[in-house]
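Starting from the given sequences, assemble the full structure and let the hints guide the process.
Chains A and B, in that order, give the protein sequences.
Okay, so the first sequence: first residue is 1 according to full-length UniProt numbering, each after it adds one.
Okay, so the second sequence: first residue is 1 according to full-length UniProt numbering, each after it adds one.
Where hints are given, some of them may not hold.
Copies of one chain are not kept apart here, so a pair can be met inside one copy or by any two copies together.
What the hints assert, rightly or not - Listed next, the in silico DSSO-like pairs over lysine-lysine satisfying Cα-Cα at most 30 Å (straight line):
(1) Lys162 - Lys297
(2) Lys268 - Lys285
(3) Lys321 - Lys13
(4) Lys316 - Lys159
(5) Lys20 - Lys285
(6) Lys285 - Lys13
(7) Lys120 - Lys285
(8) Lys162 - Lys316
(9) Lys12 - Lys285
Source of the hints: derived by calculation from the structure; they are not laboratory data.
Single-letter residue listing:
There are 2 protein chains.
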Amino acid sequence: MANDKNLALIYKKLPQGFPKAGQDLTVEDLGADAAKLPSDGIVARVIYSSLDPYLRGLLRDPSVKSYFPPLQLGAPVKSASVAKVEQSNTEDYKVGDLIVGRLPIQQVVAISGEELEQLKAAGLNKLDTTGGPSDIDQYLGVLGMPGLTAYSSLYEIGKPQKGETIFISSAAGAVGQLVGQLAKHEGLRVIGSVGNDEKLQYIKDLGFDDGFNYKTEKPIDALRRLAPDGVDIYYENVGGEQLEAALECMNTHGRIVACGMISDYNVKNPEDRYPIRNLMMVVGKQLTMRGFLVANKDFGPKWRQEHQQKVRAWLKDGSFKAKSHVWNIEDADKGFVGMLQGENHGKAVVKL
Amino acid sequence: MANDKNLALIYKKLPQGFPKAGQDLTVEDLGADAAKLPSDGIVARVIYSSLDPYLRGLLRDPSVKSYFPPLQLGAPVKSASVAKVEQSNTEDYKVGDLIVGRLPIQQVVAISGEELEQLKAAGLNKLDTTGGPSDIDQYLGVLGMPGLTAYSSLYEIGKPQKGETIFISSAAGAVGQLVGQLAKHEGLRVIGSVGNDEKLQYIKDLGFDDGFNYKTEKPIDALRRLAPDGVDIYYENVGGEQLEAALECMNTHGRIVACGMISDYNVKNPEDRYPIRNLMMVVGKQLTMRGFLVANKDFGPKWRQEHQQKVRAWLKDGSFKAKSHVWNIEDADKGFVGMLQGENHGKAVVKL
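Right, here's the structure in full:
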């Protein structure tokens, strides 16, 4: 059943500011040779790959140190993916097995025995869909890394208490949409910010109490309007002006879950980043602001089991909704840039 | 032994930007009538009063809400003070008793029975000097609120680990000088920033490993020079450019103890505050930044006993040093402003 084409999303050129589709990122056909069965490995067909904001930080000059190694120029972008084993020369994997891990965004991949060991050490697993949805993309979203990110950080840092108010920026994104539904589940008032009116409708459909479009209303005005009694938890995905507004409106003992600051990621000159001038609020209001990575032991590993159990059940009984925004592999470069520009409603994925 | 004069530090006028001595704050003689023994109260002679940065926030328009009520225009400034009971009409206090609490900065004060009850509820105590130093000013500094502030927050938020590096801004101040000595005691490398070269010598005399004068060297250059392996704990008293530099140099999992941001307190227009543009470091480096008030249960109340026991012992065996910077009551207005401008080496106090 070999398909002669083997399309992949390639990291072509170091971007300056926002990456450009077709220039910094390209979709190329690697041909059938790129997927020959290794003597001790497997060949797998990738079904879905995840597009996440953190990937932007991996398109960088390798001399810049950061928490995650950079991607390799000229090679396929690697990202969390679900794949199905098509051929196998190892007893560990049978044809038909589903696997989930950090794979190239490439239609068919060959993985040697040595690479399998490395991938396993980095978290490659067989995907067990027992008690979970049949939509495979969900295992990259609500049941994948973004889901675990949302779940672990909301509880570990946010410490939600019934009756409190949470403000979530990038609320229609992969993480934001889940944080809002979790917070509703805990009895909080939930306010979200989004970048267009369709997303505003989307988060209201998910059960958010209210929200605003930060492109048409200043965040500080919107928060004063929607959270007159103040904000207890700010779930931070954006940074900049929204962070400043949140600091202004936080209540005493408020918590800021610093998941991301995407507004700063694509700014070429540090001087062009939005300046924050009200951090003294952290002192007077006794705020806690904490950054985290889901791989850290207090987050992903600590909360993984509870996350899978609860969210699989909630998806099943319909109390939880989660949408994916799908780009086909032919448009994966546009999808990558679109995800960074906030075009997606829900989890951004590539369908291969 | 009545002294006809009864000098007090008066909050005269709402300051615009930096308070002006002799204008916004004045020293005035309230006369003997201001200290007549109440039928159910006491008369006490104030020995030392504390000058602390947080007092600046109390000279404000009463319509502005904050964590601590504003001071009353036209009345003496109230601050942590040690006083000796000179006359008493209540069995609770005997002539000669030392008391410590939030009293007017005024040579002789009359306190009614009702006021005594209110003060007790707010923390007025008899001062027990057992096992402690004979220098009364120490009970407002290293053994008072600044000492407890330093002790509780360093352990509760900073979580110092042997071998780590701590950077302390305003290192020669009341809190900073203690944090540095505590951190040395725990086996950390200790770097401090100060505003002149005499203070730089002072913190080195206290045992700090190194330091810099932020007025003659850019904080970012100094930190890169003095902490080439990065900073694990930033003890924040200043904000602005020093916070920005610290964020840049923090190590993964670093902690920022947000005790104060004095550089922002006297800025009239919020737009004139130093802009922070690198908060995304909080995400990538998994930093925790936390503000606190010493009155919060996780801080003062939790750590008070340990603080008193250990610091009294360390002062006695000489392993701990603490200096006060003394202004006489005649110059208390200049002292208040001088404290805000960082003229003090060590704890700023008024001697009455």
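Here's how the hints hold up against the structure:
1. Lys162 - Lys297: Classified as both: same-chain Cα gap 26 Å, cross-chain 22 Å, threshold 30 Å.
2. Lys268 - Lys285: This pair counts as between: shortest inter-copy Cα distance 20 Å, intra-copy 33 Å.
3. Lys321 - Lys13: neither (37 Å within a copy, 58 Å between copies)
4. Lys316 - Lys159: Classified as within: same-chain Cα gap 25 Å, cross-chain 43 Å, threshold 30 Å.
5. Lys20 - Lys285: Result: close only across copies, 27 Å inter versus 42 Å intra.
6. Lys285 - Lys13: between (45 Å within a copy, 26 Å between copies)
7. Lys120 - Lys285: Close across copies (25 Å), not inside one copy (44 Å); limit 30 Å.
8. Lys162 - Lys316: So Lys162 and Lys316 pass the 30 Å test inside one copy only (24 Å; across, 49 Å).
9. Lys12 - Lys285: Close across copies (28 Å), not inside one copy (46 Å); limit 30 Å.
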